[in-house]
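J.: Sequence:
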Amino acid sequence: MDHAILACYGWDDLESGHAFYPNERGQIRYTISPEARREVLARLVGLNLEMAQTDNFKPPSLPVRKRSRSKPFFTIEEMDEDETGGN
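Quick note on numbering: the working numbering labels position 45 of the sequence shown as 278, and the sequence is numbered without any gaps.
Hints should not be assumed to be uniformly reliable.
Pairwise CB distance ranges (calculated) [claimed, not checked]:
1. 296 <-> 274: 20 to 28 Å
2. 266 <-> 290: 46 to 54 Å
3. 241 <-> 268: 17 to 25 Å
4. 237 <-> 289: 25 to 33 Å
5. 259 <-> 285: 33 to 41 Å
6. 246 <-> 267: 12 to 20 Å
7. 310 <-> 287: 50 to 58 Å
8. 245 <-> 285: 23 to 31 Å
9. 255 <-> 235: 12 to 20 Å
10. 287 <-> 244: 15 to 23 Å
11. 236 <-> 271: 16 to 24 Å
12. 297 <-> 245: 39 to 47 Å
13. 236 <-> 279: 15 to 23 Å
14. 283 <-> 245: 32 to 40 Å
Keep in mind that the hints were calculated from the coordinates and are not lab data. All residues carry an ideal CB built from backbone N, CA and C; glycine is no exception.
Make a model of the complete structure from these sequences and hints.
T.: This is the structure:
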């Protein structure tokens, strides 16, 4: 699938170097090489800048979420009561 996505961007020249690599958390994952990852990110940043410099670019409007005023599941006092056995 990664090769298909790279092809959609016209980046057939990029060697993905798929193998098992550690991530930021120290977990081993099957993914593209760190070098390919840096190159993909650099190209995406370039595309982003290119799009932002066009005359018809409009940043997406993000929906504003209202804060929930729902009642919490429990209060600190209730937690304290549970720990002390209700006394």
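J.: Each hint should be assessed against the structure and marked as holding or not.
T.: The hints, checked one at a time:
1. 296 <-> 274: 20 to 28 Å: holds (27 Å)
2. 266 <-> 290: 46 to 54 Å: Violated: the Cβ-Cβ distance is about 32 Å, outside 46 to 54 Å.
3. 241 <-> 268: 17 to 25 Å: Between residue 241 and residue 268, where Cβ atoms are some 21 Å apart, the hint holds.
4. 237 <-> 289: 25 to 33 Å: holds (28 Å)
5. 259 <-> 285: 33 to 41 Å: Given a distance of about 35 Å, which is inside 33 to 41 Å, the answer is holds.
6. 246 <-> 267: 12 to 20 Å: The hint (12 to 20 Å, Cβ to Cβ) holds, given that residue 246 and residue 267 are roughly 18 Å apart.
7. 310 <-> 287: 50 to 58 Å: With Cβ atoms ~56 Å apart, the hint holds.
8. 245 <-> 285: 23 to 31 Å: For residue 245 and residue 285 the Cβ distance comes to about 25 Å; the hint holds.
9. 255 <-> 235: 12 to 20 Å: holds (18 Å)
10. 287 <-> 244: 15 to 23 Å: holds (20 Å)
11. 236 <-> 271: 16 to 24 Å: holds (18 Å)
12. 297 <-> 245: 39 to 47 Å: holds (41 Å)
13. 236 <-> 279: 15 to 23 Å: Given about 20 Å between the Cβ atoms, the range holds.
14. 283 <-> 245: 32 to 40 Å: violated (19 Å)
Hint check: violations occur at hints 2, 14; the rest are consistent with the structure.
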